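Visitor: Single-letter residue listing:
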Amino acid sequence: MASNTDTTYPTVTDADEPVDVHSPVAEHAVELATARKDILRIATAGSVDDGKSTLIGRLLYDSKAIFEDQYEAVARASKGDHVDLALLTDGLRAEREQGITIDVAYRYFATPRRTFILADTPGHVQYTRNMVTGASTADLAIVLVDARKGMVEQSRRHAFLASLLRVPHLVVAVNKMDLVDWSEEVFEAIADEFSAFAAKLSVPDLTVVPISALHGDNVVTHSAKTPWYEGPTLLHHLEHVHVASDRNLTDARFPVQYVVRPQTEEHHDYRGYAGTVASGVFRTGDDVQVLPSGLTTTIAGIDGPRGPVDEAFPPMAVTLRLADDLDVSRGDLVCKPENAPTVTQDLDALVCWMAEEPLRPRQRIAVKHTTRTVRAVVKELAYRLDVNTLHRDREATELGLNDIGRVRLRVTQPLFVDDYTRNRATGRFILVDEATNATVGAGMLTPAG
Amino acid sequence: MSTPDYRLSQLETLEAESVHVIREVAAELERPALLFSGGKDSIVMLELARKAFAPARIPFPVMHVDTGLNFPDVLEFRDKRVAELGVQLIVASVPDAMARGVVKEEPNGSRNRIQTPVLLDAVEEHGFTALFGGARRDEDKARAKERVFSFRDEFGQWDPKNQRPELWDLYNGRIHLGESIRVFPLSNWTELDIWQYILREQIAIPPLYLAQEREVVERQGMLYAVNEFIRPKDGEQPFRATVRYRTVGDANLTAAVRSEATTVEEVIAEIAVTRMTERGATRGDDKVSDAAMEDRKKEGYF
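Listed in order, the protein sequences are those of chains S and X. Using UniProt numbering, you'd call the opening residue of the first sequence number 1 and step up by one each time. Using UniProt numbering, you'd call the opening residue of the second sequence number 1 and step up by one each time.
Hints listed in this document are in silico derivations from the structure and should not be mistaken for laboratory results. A few of these clues could be false.
[As the list claims (entries may be wrong)] Cut-off 35 Å, straight-line C-alpha distance, at most; resulting in silico cross-link-like pairs (DSBU-like, lysine-lysine): (1) S:LYS336 with S:LYS379; (2) S:LYS336 with S:LYS37; (3) X:LYS80 with X:LYS104; (4) X:LYS51 with X:LYS104; (5) X:LYS51 with S:LYS336; (6) S:LYS149 with S:LYS200; (7) S:LYS37 with X:LYS104; (8) S:LYS149 with X:LYS80; (9) S:LYS37 with X:LYS233; (10) S:LYS200 with S:LYS225; (11) S:LYS149 with S:LYS379; (12) X:LYS80 with X:LYS161; (13) S:LYS379 with X:LYS161; (14) S:LYS225 with S:LYS149; (15) S:LYS37 with S:LYS225.
Keep in mind the model is a prediction, meaning the values are calculated, not measured.
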């Protein structure tokens with residue numbers, strides 16, 4: 001089968017010679033580079049042993065996101081026969097010295113169809129905290145599985161966290177297929193086991209790909225060694241996965257971020273409400289309601305980055321002008337009168353705890369939700385979740401570092417919320433320790449009860 | 001704008017994300033300032049700040065850490081842009097700090113490292129609680145791991161092992177007195193994104209970025225344009241070559257590359273076919289060690 005990416009790349013030119021910017025190669029390169037694309041945000045999970053860094057290095061190298069001097073530096077540093085692509089992604093001195101990955105790292109690559117932002121999360125240290133951070137913005141999560149080991153506890157945990165964060169697309173890359181002689185049976189067994197598990201997690205879209213990150217099979221081009229595999233290569237899937245319908249375009253939500261008041265001669269009466277559309281679509285002339293006041297008005301105009309626009313949708317950063325002179329400030333929310341979020345001081349949420357000092361009932365804490373920050377008290381810990389077995393421990397009295405549990409919070413002022421499963425933007429919050437100012441938790445709102 | 005599928009392009013998405021970050025800082029941090037050098041990244045960042053608050057003025061000052069080794073073109077560009085936007089410019093001067101004995105010139109002539117104390121002094125003097133920087137995560141391995149809101153202690157230091165988790169678009173800008181946040185609104189932009197945005201928005205840039213015939217000398221395989229900071233040494237034969245700058249750093253250390261790119265479109269063509277990183281290619285000061293950037297950041301550098 002022919003390569004199923006649309007990708008062809010110009011070759012390396014001699015660095016000492018000026019690039020011929022009018023050559024057919026240059027024209028082609030410009031065409032590829034400047035094509036209108038969208039962004040796919042990816043989170044990868046897996047440990048060093050699963051070959052995650054090698055896979056990422058492979059994606060970067062094969063999509064030509066790696067520059068020649070970076071590649072040469074890595075080739076020099078590699079031990080053994082292969083260029084160690086994993087070295088491309090280990091950023092900090094301590095990581096290179098200790099051979100570990102400390103923190104979430106972000107990588108960038110592009111093909112003619114899409115640009116990719118990849119959050120590379122380590123598999124072992126502070127695992128949950130990092131994976132939750134990386135997955136929070138992801139459209140797609142890649143979980144790596146070693147074909148020799150099959151689905152292990154860590155794979156379950158990765159898949160669970162991706163589903164908890166409502167990452168809409170999950171890819172299981174069954175790696176090191178070369179070490180199981182490209183066995184279809186091995187692959188199918190892992191795929192079946194994973195599908196059965198994913199069904200319990202409400203993973204909306206699961207794709208399983210047999211690969212060898214080290215040799216590149218089925219990463220960018222189809223491998224001759226897996227004639228039995230008829231699915232896409234990994235990169236082809238990343239380029240084509242349909243994400244347009246993942247967003248909530250139904251519930252119009254606009255958290256006011258900043259009030260724009262020029263107070264100049266030219267714009268004497270201008271008063272605009274700047275913010276990022278969280279969900280839904282706003283149009284000039286729409287009837288809208290402002291919370292918490294509940295007052296209604298209409299949208300007089302929407303100013304975008306290049307002047308007035310007729311409509312705004314997520315994730316556009318715009319400024320709304322309202323027809324009436326209302327008292328609106330940061331932390332307020334603009335919605336539609338017939339479709340308002342829940343206004344509440346009681347939050348029921350799954351919380352991922354990220355601090356050494358545990359979360360306990362009666363604790364006081366700050367909550368940042370959209371553009372509103374309020375104080376809260378922990379009313380109740382309903383249960384702690386075992387992320388490996390999904391068992392709910394209702395006897396738990398605290399959440400420790402990297403624990404996930406269901407928590408009820410009472411906040412000092414009403415928040416305007418939706419369930420996280422319906423609306424990722426208005427169903428999420430972070431918890432901040434008021435003494436240390438550290439970010440200590442992430443919350444996803446769930447229906448009460 | 002016709003977008004029946006309600007999708008933004010990658011440039012529009014990055015733009016929206018950056019504007020969101022800039023507004024969030026203005027709303028939550030008491031006294032921000034934007035680091036503006038006249039380089040292409042800070043030019044784009046300043047343009048995004050303008051868009052974030054239009055039609056109002058940018059509600060914070062811009063600051064330039066002046067090493068005293070700037071290309072004159074770039075300083076001229078800086079002053080012009082600042083005047084157009086009606087924003088306040090604060091210059092933190094390395095030569096002044098040297099004259100006061102606060103910092104000393106390093107033997108290799110690089111003022112990269114001694115910028116840091118000058119920056120930190122200015123932050124303290126003006127009471128800045130947040131500084132916007134134009135760094136991108138695709139530039140360097142250490143930057144790839146840094147948050148958009150990068151917490152710094154009272155010494156301006158970055159602690160890579162103790163970063164605040166950064167989830168969704170919920171940024172935590174809370175600090176105690178003396179601490180500050182470095183903010184990187186361009187974190188997710190690549191070099192090519194920056195150039196495409198400059199093209200799309202018709203943003204003015206200093207002429208150094210475009211190819212011109214310039215008088216140059218060759219040093220250690222790199223071309224340096226002859227200027228007030230670069231004089232031919234004994235045995236060096238200056239010659240004319242058509243070159244441009246891929247980054248604009250100190251005039252005594254930043255090399256030019258042979259180039260035919262006389263327009264932004266041609267620069268994009270050149271970058272699209274070039275396989276050298278900009279820093280690796282032209283900045284002598286980052287070649288010191290594989291962990292050079294990480295070390296400088298821990299000291300309080302951007």
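Visitor: Each hint should be assessed against the structure and marked as holding or not.
Guide: Status of the hints after comparison with the structure:
1. S:LYS336 with S:LYS379: holds (32 Å)
2. S:LYS336 with S:LYS37: holds (31 Å)
3. X:LYS80 with X:LYS104: holds (31 Å)
4. X:LYS51 with X:LYS104: Given pair LYS51 of chain X, LYS104 of chain X is violated - Cα atoms ~39 Å apart, limit 35 Å.
5. X:LYS51 with S:LYS336: Holds. LYS51 of chain X to LYS336 of chain S sits at ~26 Å (cutoff 35 Å).
6. S:LYS149 with S:LYS200: holds (22 Å)
7. S:LYS37 with X:LYS104: violated (48 Å)
8. S:LYS149 with X:LYS80: Violated: LYS149 of chain S and LYS80 of chain X sit about 63 Å apart, past 35 Å.
9. S:LYS37 with X:LYS233: violated (49 Å)
10. S:LYS200 with S:LYS225: Within the cut-off at roughly 32 Å; holds.
11. S:LYS149 with S:LYS379: violated (42 Å)
12. X:LYS80 with X:LYS161: violated (41 Å)
13. S:LYS379 with X:LYS161: With Cα atoms ~32 Å apart, LYS379 of chain S and LYS161 of chain X stay inside 35 Å; holds.
14. S:LYS225 with S:LYS149: holds (20 Å)
15. S:LYS37 with S:LYS225: Roughly 32 Å between the alpha carbons, so the hint for LYS37 of chain S and LYS225 of chain S holds.
The structure shown violates the earlier hints numbered 4, 7, 8, 9, 11 and 12.
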